[in-house]
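> Chains as they are written, first to last, in this note's numbering: chain U, 1 to 230; chain W, 1 to 278.
A couple of the hints might just be wrong.
Stated by the list, open to error - Mimicking BS3-like on lysine-lysine, the simulated pairs with C-alpha atoms at most 25 angstroms apart in a straight line are: (1) W:247 x U:70; (2) W:248 x W:27; (3) U:204 x W:248; (4) U:200 x W:247; (5) U:200 x W:236; (6) W:181 x W:235; (7) W:225 x W:76; (8) W:236 x W:225; (9) W:181 x W:192; (10) U:204 x W:246; (11) U:141 x U:161; (12) U:200 x W:246; (13) W:192 x U:204.
Claimed, not checked - Counterexamples of contact, computed for chain W against chain U with all Cβ distances above 10 angstroms: (14) 41; (15) 46; (16) 96; (17) 109; (18) 246.
If you are wondering where the hints come from, they were derived from the structure by calculation, not from laboratory data.
Ideal Cβ positions, reconstructed from N, Cα and C, are used throughout, including at glycine.
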Amino acid sequence: MSANYQDRDLVLPGDVLFEGRIRTGENTYRSQEQVYATRLGLVNYSPENVSVTALSAGYTPLVGDVVIGKVVDMDLGEWRIDIGAQSEAVMGIPDAVDRPFRTDYVMTRVLDIGDTMIAKIVDLDRRRTPVLSILGPGLGKLYDGFIVHITPSKIPRLIGKKGSMINMIIKETGCRVVIGQNGRVLISGPNREREAMVVKVINKIELEAHTSGLTNRTQEYLRQLKESSQ
Amino acid sequence: MSKKPTTKKTAARKPAKPRKTKVPSWKRADGRAFDELRTLKIESGVLPNADGSAYIEMGRNKILCGVFGPREMHPKHNAKPNEAVLRCRYHMAPFSVDPRRSPAPSRRDQEISMVMRSALEPAVFLERYPRASIDVYIEVLEADGGTRCASINAAAVALVDAGIPMRDLVAACAVGKIEDKLIVDLGDYEDKKGQSDMPVAYMPKLGKVTLLQMDGIMSTEETEKALNLAIEGCKKVYEIQREALKKKYGIDQPQDKPQKEFTPEETEEEPQKEEGQQ
């Protein structure tokens, strides 16, 4: 029963994190009373489990996630949408149009191939394919703005404690920022300069997600950007 | 060497001559010791459009590796319902060797692609991504012997960089025989002139061999010795893979802290060796 690392140490796949009986958390696996890491990340020890916060990982869809997706294909009665997960998501007409179902809808008037939208995962079907919906407040087709990518496991850092980081960014720049849980972030603001500022800040957070005191440093960085633009 | 003409004259000294060549440590064509690896440099995250990537320089080998996935499998009928499919594509650039090589995939390329796949598969949690594919693309920019080992080393780093769940890293290293002597990490010359060549891929933390091939002839004892030498070589490679992955995040310090408490002197001198023992 012993921990082999200190809290928040960088570990790699195959590193033995813990020897003895303990519950295995995210990005770990157990083999013969030893707990190993499966991803590159920072190790977290708590009294009842061991987990790794991945620094690089793909997106695993969960019901309830708000994601930003792009239509890549259309079938009879459904759109196939790329959300950056292991499989494409689907969305049927009843999830896209808030009217009684009719067979003569022109689907391309709602969403065409290449369109981008904010959607919500309402279900994972029997093959674990995500099912999306664009019915709801804040959801729907997108017409303008920047989309930047961030590693999905770093989203909690972008949001901050109780939204401290994201609220600070919105307040300082006056941009609208929508974070998709799949790592795509929409930025639309009053002008290009403000939007570019947010893009720079998000890229900085991506690079420094594993360091502490990030919100204060980001605020400082944003102020510097503002001063240099004026 | 200057003594040669004098020794030839006296018959009594002649039997001493073979001993003389045996006693001083034998050196290889490029001046390495028998168990010395070529200079090895790995960098991770070099391709912005790939999910994970790595660049390796192993001696004069220069290899780029890109990993994509887990993503939707195309064509869909190749997908497996219970697990992901790992697809490897090994390709040598036309200018990677002299004379120029045809860019079309050869029989050798197909073999190495397959061999890499089976060397990496045991390390990847394929069962977590049913119906998906994980694609590993290897592009050899410059070849100098042992490209399959170098490719596996790069691919393992790129897979971790892509955030694909892995049981362990995979490190690879070749052992061979030239002039009846075992040598580690063959270069192009040794590969062609040698009597035998045995590439080995190894998961260092789990202690499992994932690839074992051999060309040429070796006795049973030699094979056993060679395998142990290869595993030692793989462990050295593994340390460099670790460094490459950590370097991207610029935080090697927290890793070294607990080790420094145990052996402060050794960690300062040889930080790489220390990590392998934990």
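> Work down the list of hints and note, for each, if the structure agrees.
To see whether the hints hold, each was checked on the structure:
Using a Cα cut-off of 25 angstroms, the hinted pair residue 247 (chain W) and residue 70 (chain U) is violated, with the two alpha carbons roughly 34 angstroms apart. Of the pairs offered as hints, the one joining residue 248 (chain W) and residue 27 (chain W) is violated, with about 36 angstroms between alpha carbons and a cut-off of 25 angstroms exceeded. A threshold of 25 angstroms between alpha carbons decides the hint, and for residue 204 (chain U) with residue 248 (chain W) the separation of about 14 angstroms falls inside it, so the pair holds. For the hint pairing residue 200 (chain U) with residue 247 (chain W), the CA-to-CA distance comes to about 22 angstroms; that is within 25 angstroms, so the pair holds.
Distance restraint check for residue 200 (chain U) and residue 236 (chain W): the Cα-Cα separation of roughly 39 angstroms exceeds the 25 angstroms cut-off, and the hinted pair is therefore not satisfied. Taking the CA atoms of residue 181 (chain W) and residue 235 (chain W), the gap is about 21 angstroms. The hint holds against a cut of 25 angstroms. Between residue 225 (chain W) and residue 76 (chain W) the CA atoms are separated by roughly 45 angstroms; this puts the pair beyond 25 angstroms, and the hint is violated. A hinted pair counts as satisfied when its Cα atoms are at most 25 angstroms apart, and residue 236 (chain W) with residue 225 (chain W) qualifies at roughly 17 angstroms.
Simply put, residue 181 (chain W) and residue 192 (chain W) have alpha-carbon atoms about 15 angstroms apart, close enough for the 25 angstroms limit, and the pair holds. The suggested pairing of residue 204 (chain U) with residue 246 (chain W) holds, with an alpha-carbon distance near 18 angstroms, which does not exceed 25 angstroms. Our distance criterion of 25 angstroms between C-alpha atoms is broken by residue 141 (chain U) and residue 161 (chain U), whose separation comes to about 29 angstroms. Proximity of residue 200 (chain U) to residue 246 (chain W) is assessed by CA-CA distance (about 24 angstroms); at most 25 angstroms being required, the pair is judged to hold.
A C-alpha spacing of about 49 angstroms is found between residue 192 (chain W) and residue 204 (chain U), which places the hinted pair above 25 angstroms, so the restraint is violated. Taking the minimum C-beta to C-beta distance to chain U, about 18 angstroms, the non-interface status of residue 41 (chain W) holds against the 10 angstroms cut. Consistency note on residue 46 (chain W): stated as away from chain U, and its beta-carbon is indeed over 10 angstroms from all of that chain's, at 14 angstroms minimum. No beta-carbon of chain U is positioned within 10 angstroms of the beta-carbon of residue 96 (chain W); the least distance is around 29 angstroms.
Listed as outside the interface, residue 109 (chain W) is consistent with that label: its C-beta sits roughly 28 angstroms from the nearest C-beta of chain U, beyond the 10 angstroms cut-off. Listed as outside the interface, residue 246 (chain W) is inconsistent with that label: its C-beta sits roughly 6 angstroms from the nearest C-beta of chain U, within the 10 angstroms cut-off.
When the structure is compared with the earlier hints, violations turn up for hints 1, 2, 5, 7, 11, 13, 18 and for no others.
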